[in-house]
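Chemist: Chain by chain, the residues run as shown.
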Amino acid sequence: MTDMRMVIKGIGVVGAFGSGIDALATAIVDGIRPPLSTAEVITKEGTGRLSVYRARTEGLEEFFAKRELRRIDHYAKMALLAASLALKDAKVSGQRQGTTGIIVATGYGPHRTTFGFLDTFVKEGNNFASPTLFASSVHNAAAAYAAILFGERGPSLTVSQLEMSVSSALLTAWCWLAEGRVDSVLFGAVDEYSDVLGYCWKRYFGVQETSQAEMRPLDFERQSAIPGEGSVFFLLRRNENQGRYGCIRGVDMGFADCGRIDLPETDLLFLGADGMRETGRLYPPHLSGKNNFLCHAPTYGSLPIGPAFDIAIAAHEIGDGAYLETNAEALPEKTIGCLKIGRQGEFSLVMLARE
Amino acid sequence: MGGSRVAITGLGCVCALGPDVPTCAEALFLGRKDRVAPVRFEDSYSPTSPVFQVASPLPAPSRWLKHGVSRTNSLALAAVREALADGGLTSSPGSLRVGVCMGTTVGSALNSTRFYRGYLDRKEPDMSPVSRFLSNNPALFIAREYAFSGPCQTVVNACSSGTDALGIGASWIAAGICDVVVAGGADELSRVTYEGFASLMVTDDEMCKPFDRNRKGLNLGEGAAALLLESEYSWRMRRKPPRGFVVGYGAACDAYHLTAPSPDGQGLRQAIAYALETSKKASAEISFVNAHGTATLDNDRVEAITLHEMLPGVPFLSTKGHTGHALGAAGAIEAVMTMICLEKGRIPASAGFSVADPQLPANPNASTKEIVGSCALSESLAFGGHNSVIVIEHSND
Numbered sequence: 001m002t003d004m005r006m007v008i009k010g011i012g013v014v015g016a017f018g019s020g021i022d023a024l025a026t027a028i029v030d031g032i033r034p035p036l037s038t039a040e041v042i043t044k045e046g047t048g049r050l051s052v053y054r055a056r057t058e059g060l061e062e063f064f065a066k067r068e069l070r071r072i073d074h075y076a077k078m079a080l081l082a083a084s085l086a087l088k089d090a091k092v093s094g095q096r097q098g099t100t101g102i103i104v105a106t107g108y109g110p111h112r113t114t115f116g117f118l119d120t121f122v123k124e125g126n127n128f129a130s131p132t133l134f135a136s137s138v139h140n141a142a143a144a145y146a147a148i149l150f151g152e153r154g155p156s157l158t159v160s161q162l163e164m165s166v167s168s169a170l171l172t173a174w175c176w177l178a179e180g181r182v183d184s185v186l187f188g189a190v191d192e193y194s195d196v197l198g199y200c201w202k203r204y205f206g207v208q209e210t211s212q213a214e215m216r217p218l219d220f221e222r223q224s225a226i227p228g229e230g231s232v233f234f235l236l237r238r239n240e241n242q243g244r245y246g247c248i249r250g251v252d253m254g255f256a257d258c259g260r261i262d263l264p265e266t267d268l269l270f271l272g273a274d275g276m277r278e279t280g281r282l283y284p285p286h287l288s289g290k291n292n293f294l295c296h297a298p299t300y301g302s303l304p305i306g307p308a309f310d311i312a313i314a315a316h317e318i319g320d321g322a323y324l325e326t327n328a329e330a331l332p333e334k335t336i337g338c339l340k341i342g343r344q345g346e347f348s349l350v351m352l353a354r355e
Numbered sequence: 001m002g003g004s005r006v007a008i009t010g011l012g013c014v015c016a017l018g019p020d021v022p023t024c025a026e027a028l029f030l031g032r033k034d035r036v037a038p039v040r041f042e043d044s045y046s047p048t049s050p051v052f053q054v055a056s057p058l059p060a061p062s063r064w065l066k067h068g069v070s071r072t073n074s075l076a077l078a079a080v081r082e083a084l085a086d087g088g089l090t091s092s093p094g095s096l097r098v099g100v101c102m103g104t105t106v107g108s109a110l111n112s113t114r115f116y117r118g119y120l121d122r123k124e125p126d127m128s129p130v131s132r133f134l135s136n137n138p139a140l141f142i143a144r145e146y147a148f149s150g151p152c153q154t155v156v157n158a159c160s161s162g163t164d165a166l167g168i169g170a171s172w173i174a175a176g177i178c179d180v181v182v183a184g185g186a187d188e189l190s191r192v193t194y195e196g197f198a199s200l201m202v203t204d205d206e207m208c209k210p211f212d213r214n215r216k217g218l219n220l221g222e223g224a225a226a227l228l229l230e231s232e233y234s235w236r237m238r239r240k241p242p243r244g245f246v247v248g249y250g251a252a253c254d255a256y257h258l259t260a261p262s263p264d265g266q267g268l269r270q271a272i273a274y275a276l277e278t279s280k281k282a283s284a285e286i287s288f289v290n291a292h293g294t295a296t297l298d299n300d301r302v303e304a305i306t307l308h309e310m311l312p313g314v315p316f317l318s319t320k321g322h323t324g325h326a327l328g329a330a331g332a333i334e335a336v337m338t339m340i341c342l343e344k345g346r347i348p349a350s351a352g353f354s355v356a357d358p359q360l361p362a363n364p365n366a367s368t369k370e371i372v373g374s375c376a377l378s379e380s381l382a383f384g385g386h387n388s389v390i391v392i393e394h395s396n397d
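Protein chains in written order, with the numbering used here: chain A, 1 to 355; chain B, 1 to 397.
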């Protein structure tokens, strides 16, 4: 476990539940399952339907002029909205003091735009490739747009480590803060849904009937995942008094098939199980009676950057308290761990605490 | 990495220059050969711009992967295997915590044209390209191959990915997160990136000419490079003397444009300044600069102006005339070239340069030149306006 202390000064979230940390907290507290969208999946047999947690970005116009967003795709818009909400939540606006780094974690990158770019030369021919789509299809496009629109000239990093993207990127965020390279890190995560992803989903898992779609991630042996999309951003700082949301105190990464994961005593453990049978069945051998665990994927869906939502929920609980199926007495030390196990047995554990 | 020196104890490289570091080191000083062989694109396709392809056979992993190994990861494996052998870390690292930090672009992109054509045609395409993508994350692939237990990070900062992976790996060691980091970059030639750069009209139909008056654009390349980065505790415990050190790393954004560098080079200036600051080196201590030097009009202009103003009189060169632009691997390959030049005490001519550009205030190195000192910069400029610079020092021990 790498010990660290990163104070969470602000949180911005975008998902099917809506926009903003309050919308996410309300969905958790009230047990509201966000409305599912229905996507069409076209196969040689015909058109099927797939339930999807889709995110909307209308709120972005509160922060940017329409012309500034003209060529920006859905992937980057989700990131920009979450980043703007995090800065607003941290009460940071206008000219910022010190150096801010931008770090973005993503499992699959802007693949909707990537396939849009492929369309331009696969369908139209070699001379019709779109330079605009190509430029936006690179994985670091969201970080680049954030730097341009926020006017941030500090270092930038985009990490693509599948389900471990968030935890891995947090390690570097900590390094940047610890070595004084930056004063703040605008740290985020984003993944999107696309028609191609829906098609792959159908080929790998079949399609759940829309009327029956329900994620049951704690039923570890059952495939119940529903694809999701969204973005989460945090404004992280190092040497400050505790913020509204407490601190990220440690990140551990390793392989779950190299022995039992050494889970520390925490008040609560959020499992990153998201209805994927392939990874869900990897969790039970590592759990014991000492861990009270919960799973929030049914609020945001199945997507590689799911752990970022868990960290946001944990930070909100540590800060403002009282929600979930628990109560204040159940969190004496105010420590929450967020555990994620990936497809190849890799795992990460992110620890949050009040101080 | 805040002023600490992170040791380089092993090097590995595969690129158009050759299949390993000694071969690349020799070829680097022999002048440029033509690199116009057809590429291994997924579709049958004849590109018009030359590319720099790796011709040598690539190693297979020790474990079986159901969906196969991507070419990017085969390239990465060749470089990492050589770096580990060079660093004497071929057996189990025991109690050492070894992390992996690899830069790439194509290696993390779900963009198979073969699969996508089948999808568009509703022919229920073979899902292997998608499964291969899901099981071929570069950093995770290397960690699994060698049973390294430390953190994995695949950096996707476009063309600065390789340089950033080295800087981040050094930071992990300086912060005590790892004892050893296998850091570098890998990228294969891909029709998708080829079409993308062609659509931006920044490729040259002839061999690229970095910093030359007649430069027209880049040639794509492929390859991989890996550096074994190590803490002082680790290399002393292993009794493995370093070949050199990563002593500084700076990165900064232009915050200007998605594909064009800031005309005043603001982000690059900031990155160079921070790299020098963290290395505690004065500009007079820099022996040479291995520039990004893609041979595009904008990149070379901004770099030449910035280097002339920030490091006046310091020789610079581009090695992309030897390797092509290997995108996410470029920064790592160029770091290895930088280390090679420091060890040899000389730099080669900047390949492809022959006619000075009167619009540029400085010209690259035009012939093999002895260098003075033991420190050099290697820099990368990327889509998104990101600029990254590392400072490498030759070990005088």
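Treat the hints with caution; some may be incorrect.
Simulated pairs of lysine-lysine, DSS-like, Cα-Cα distance not exceeding 25 Å [as the list claims (entries may be wrong)]: (1) Lys202(A) - Lys281(B); (2) Lys123(B) - Lys123(A); (3) Lys44(A) - Lys88(A); (4) Lys344(B) - Lys44(A); (5) Lys216(B) - Lys280(B); (6) Lys281(B) - Lys216(B); (7) Lys88(A) - Lys66(A); (8) Lys66(B) - Lys202(A).
None of these hints come from the bench; they were simulated from the model.
Chemist: Of all the hints given earlier, name the ones this structure violates by number, lowest first.
Modeler: Numbers 1, 3, 4, 5 and 6, in rising order.
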